[in-house]
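Protein chains: 2
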Amino acid sequence: MSKGLPKRSENYSEWYNELVKKADLAENSAVRGCMVIKPYGFAIWEKMQQELDRMFKETGHQNAYFPLFVPKSLFEAEEQNAEGFAKECAVVTHYRLTNDPDNKSKLIVDPKARLEEELVVRPTSEAVIWNTYKNWIQSYRDLPLLINQWANVVRWEMRTRLFLRTAEFLWQEGHTAHATKDEAITETKQMLDVYAQFVEEFMGVKVLKGQKTESEKFAGAVDTLCIEAMMQDGKALQAGTSHFLGQNFAEAFDVKFSNNEGKLEYVWGTSWGVSTRLMGALIMAHSDDQGLVLPPKLAPIQVVIVPIFKGDDQLKQISEKADTITKELRSKGISVKYDDRSTHKPGWKFAEYELKGVPLRIAIGPKDMENGTVELARRDTKEKTVLQLEEAVAKIPELLETMQAEIFNRSKEFTSSNTHETDSWDEFKDIIENKGGFVSAHWDGTAETEDKIKELTKATIRCIPFDGDKTSGKCILTGNPSSQRVIFAKAY
Amino acid sequence: MSKGLPKRSENYSEWYNELVKKADLAENSAVRGCMVIKPYGFAIWEKMQQELDRMFKETGHQNAYFPLFVPKSLFEAEEQNAEGFAKECAVVTHYRLTNDPDNKSKLIVDPKARLEEELVVRPTSEAVIWNTYKNWIQSYRDLPLLINQWANVVRWEMRTRLFLRTAEFLWQEGHTAHATKDEAITETKQMLDVYAQFVEEFMGVKVLKGQKTESEKFAGAVDTLCIEAMMQDGKALQAGTSHFLGQNFAEAFDVKFSNNEGKLEYVWGTSWGVSTRLMGALIMAHSDDQGLVLPPKLAPIQVVIVPIFKGDDQLKQISEKADTITKELRSKGISVKYDDRSTHKPGWKFAEYELKGVPLRIAIGPKDMENGTVELARRDTKEKTVLQLEEAVAKIPELLETMQAEIFNRSKEFTSSNTHETDSWDEFKDIIENKGGFVSAHWDGTAETEDKIKELTKATIRCIPFDGDKTSGKCILTGNPSSQRVIFAKAY
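Chains as they are written, first to last, in the numbering used here: chain F, 2 to 493; chain A, 2 to 493.
Hints in this document: simulated from the structure, not taken from any laboratory.
Please read all numbers here as calculations on a predicted model, not as lab measurements.
Mixed in with the good hints there might be a few duds.
Note that identical chains are pooled: a pair holds if it fits in a single copy or bridges any two copies.
[Said to hold, decoys possible] With a Cα cut of at most 25 Å, we get these calculated SDA-like pairs of lysine to any residue:
1) Lys-88 <-> Glu-117
2) Lys-471 <-> Asp-224
3) Lys-210 <-> Gly-235
4) Lys-58 <-> Arg-97
5) Lys-338 <-> Phe-310
6) Lys-491 <-> Ser-473
7) Lys-383 <-> Asn-12
8) Lys-107 <-> Glu-158
9) Lys-346 <-> Asn-260
10) Lys-257 <-> Asp-25
11) Lys-471 <-> Thr-99
12) Lys-88 <-> Glu-118
13) Lys-58 <-> Arg-342
14) Lys-346 <-> Gln-139
15) Lys-210 <-> Asp-314
When you get a sec, could you build the whole thing from the sequences and use the hints?
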């Protein structure tokens with residue numbers, strides 16, 4: 002009854018691809034590299050959005066909306082940023098189609114409708130936003146400017162995978178402007194903390210906070226902070242980034258403010274984002290060979306009720322009970338679905354809701370009706386208990402909280418038990434190749450060594466962790482001095 | 002203290018443009034025809050979205066997300082639709098920029114990165130969605146399919162105006178698929194009703210429901226239903242449309258289902274949308290020479306409290322009162338802002354919140370502190386009353402409801418008193434040219450007459466109203482037989 006999912010142990014990658022499709026989360030579209038997010042997948046994303054949006058607002062941010070297109074001249078203004086994204090951007094060159102003179106039912110690009118200046122479909126919005134901020138910021142009184150936008154962005158990736166790497170994806174991007182360097186750094190850290198809190202408390206996924214190396218940082222940033230999460234195959238997934246932009250974009254777009262002494266200074270900036278990639282992390286972190294496992298806080302349906310019946314009379318009686326349960330749970334803010342379809346058998350429904358990761362399932366059959374009981378099944382542990390109906394209903398709110406906590410604890414334990422410290426290059430290679438997970442090791446701080454390690458093992462430096470071991474040592478590859486350990490892993 | 006807005010009576014069009022900018026709703030961007038929606042404007046749009054989204058979900062719809070790009074071959078599949086949008090679409094032809102060999106700091110479109118097939122930035126998503134539905138629909142059990150998406154779309158308009166007509170805009174587009182013609186027609190009507198209910202109950206704008214003529218209907222639809230609203234200058238604004246698509250898209254994309262007798266049939270479709278254009282309607286319908294007038298249900302700030310003080314001691318005392326009021330109002334679900342900035346004078350603040358359309362203003366000065374009173378001012382009528390503090394607080398929830406109702410009633414009365422019935426061509430021309438508003442007149446049902454009237458008067462047929470006069474008569478222009486009156490107006 003696994004609905005034909007490959008086993009994780011046999012082919013983790015195929016398991017993920019099939020799970021995304023079979024659980025009705027997303028599918029590939031007719032447009033190369035772009036996905037369709039299906040209603041069930043989108044409902045999970047909406048729950049994520051709601052919580053994140055609330056957290057952004059609670060930390061003083063406001064939403065706004067900036068254009069999809071970036072004129073080429075703006076795009077190239079901040080050179081590092083432009084260079085980082087130029088190789089993968091969709092470019093609009095024309096603004097009209099016209100009938101094909103050779104075939105009237107076909108359309109061709111109208112050669113007479115060429116744009117004077119090409120437009121880049123935003124891969125990120127620093128350029129267009131800082132160009133706008135120039136007009137919004139004159140004085141220190143206009144600062145800080147704390148803005149977020151929910152938007153679609155396009156990066157022309159050559160190898161795409163549903164949620165993890167798609168040409169178009171949905172995200173939020175925060176863009177803030179500050180009077181001082183310290184304030185901008187504080188904001189950068191604050192938003193990383195918001196992301197970490199969201200991913201741990203709502204997604205139930207343990208994250209590691211740290212800083213990216215020079216070669217892994219955002220194009221145009223001074224520093225990039227990140228949260229990294231470990232997937233069940235031991236690979237790392239970058240779940241969110243928060244960038245301290247220094248005055249780079251302020252200089253590129255000439256954004257100055259008069260400080261409280263009346264002197265003109267460049268503004269300090271940050272930007273930070275998470276995307277539909279989080280859906281990939283959510284799916285891969287908890288799910289099993291039967292399908293999705295969703296933390297209750299993000300589950301569109303938290304409890305499903307399945308009647309086991311023969312004939313309309315039995316169904317009617319069970320439905321009355323189900324109705325009582327539904328009302329009581331809903332009054333406690335729990336989302337409930339009652340699936341009384343007679344077109345599908347209970348076993349089929351059980352498998353279906355397992356596949357879709359519904360946290361709790363209540364089954365009610367004729368024997369339960371006699372005994373006043375229900376069968377309560379947890380999706381995460383597959384534990385089943387027969388309980389008195391009232392007891393089950395009373396227990397559910399707390400049980401959902403317990404499940405949320407246990408899902409996170411499992412992620413935490415998994416991450417911890419798959420994080421290895423080593424000072425031996427042979428062991429390093431062995432772990433990366435055979436065990437997977439995070440490796441805490443010394444690095445000499447050079448991009449050359451970083452590249453060499455990547456070349457030899459496919460592992461990259463995921464981050465220089467904030468809470469890591471700060472004692473000095475010798476680089477795992479070169480033996481050169483190292484001031485602290487960093488985290489290596491293969492990554493998505 | 003009108004913050005330099007032009008008067009409506011002097012230049013309505015300029016008044017609108019300036020109001021949008023000065024009230025911090027939106028501004029033009031560096032990208033031709035694309036707007037930046039500023040935080041205050043976006044907060045209003047978010048409130049609209051929330052209510053609409055709730056209404057869509059209550060009527061059984063689910064959200065999903067489909068790609069931004071439409072491959073040219075899909076775009077041209079439904080011929081009417083393609084023809085309708087081909088002349089105004091942004092076309093992506095390349096997927097990479099590269100360094101300009103003549104100037105290393107500049108970028109050019111990489112001629113080697115030309116797409117095999119051009120991509121149209123979606124002007125609407127029927128093509129990409131129906132191409133997806135083909136795989137989602139096999140049997141009558143898969144129907145109805147009731148999906149909505151919130152998205153950005155691009156139509157390369159030559160003359161743009163903030164919110165009313167922009168190259169990129171935000172909207173929602175519902176796309177549904179049904180087993181029967183009747184069911185699809187019912188859905189089309191239902192969603193028009195949802196729109197009408199939203200615009201009247203939340204935006205406080207009276208609408209007229211009806212059907213578009215052949216020449217005004219959506220490209221690819223069998224029938225287009227619409228709601229039309231009257232702006233203060235007497236011009237009509239199409240506020241929402243709901244299309245019965247027949248089997249047009251099902252045929253173009255080969256979407257068939259097996260009915261309950263096992264026979265293959267084409268699916269019936271609808272689509273329906275409202276956009277950020279509603280912001281334009283909201284602004285133009287109620288606002289005055291001092292600025293925005295917002296219906297309380299959509300106001301991001303419903304009550305603002307302004308202290309009138311000299312020195313810190315007075316401010317401290319007033320702030321304590323303000324704090325009590327704020328807490329009490331918030332506990333009733335009312336959004337409150339307390340503006341205690343000492344950098345701006347009370348008069349400046351009064352003008353500012355008038356400009357921004359905050360429904361209620363509470364002013365508290367030293368005399369009020371002595372008397373236990375506050376001054377309560379309504380934004381819509383500018384009525385001011387001095388009330389005992391407790392009385393004011395107790396009265397506010399009801400007052401906001403009253404204001405909401407009165408704002409709608411004024412719109413209703415304005416629409417009704419500016420709707421004229423005539424059977425005389427001279428009077429028709431006179432009304433359109435000099436009075437404005439809606440004209441209810443007979444039309445012979447031909448596109449030629451419709452075009453001729455537009456050419457002579459700039460008035461178009463806004464709709465064939467559902468509730469209009471159904472008695473027959475003679476066409477206002479040609480004298481030919483007419484089966485019912487239709488509504489003419491100049492329009493946005």
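Ascending list of hint numbers which this structure does not respect: 4, 11, 15
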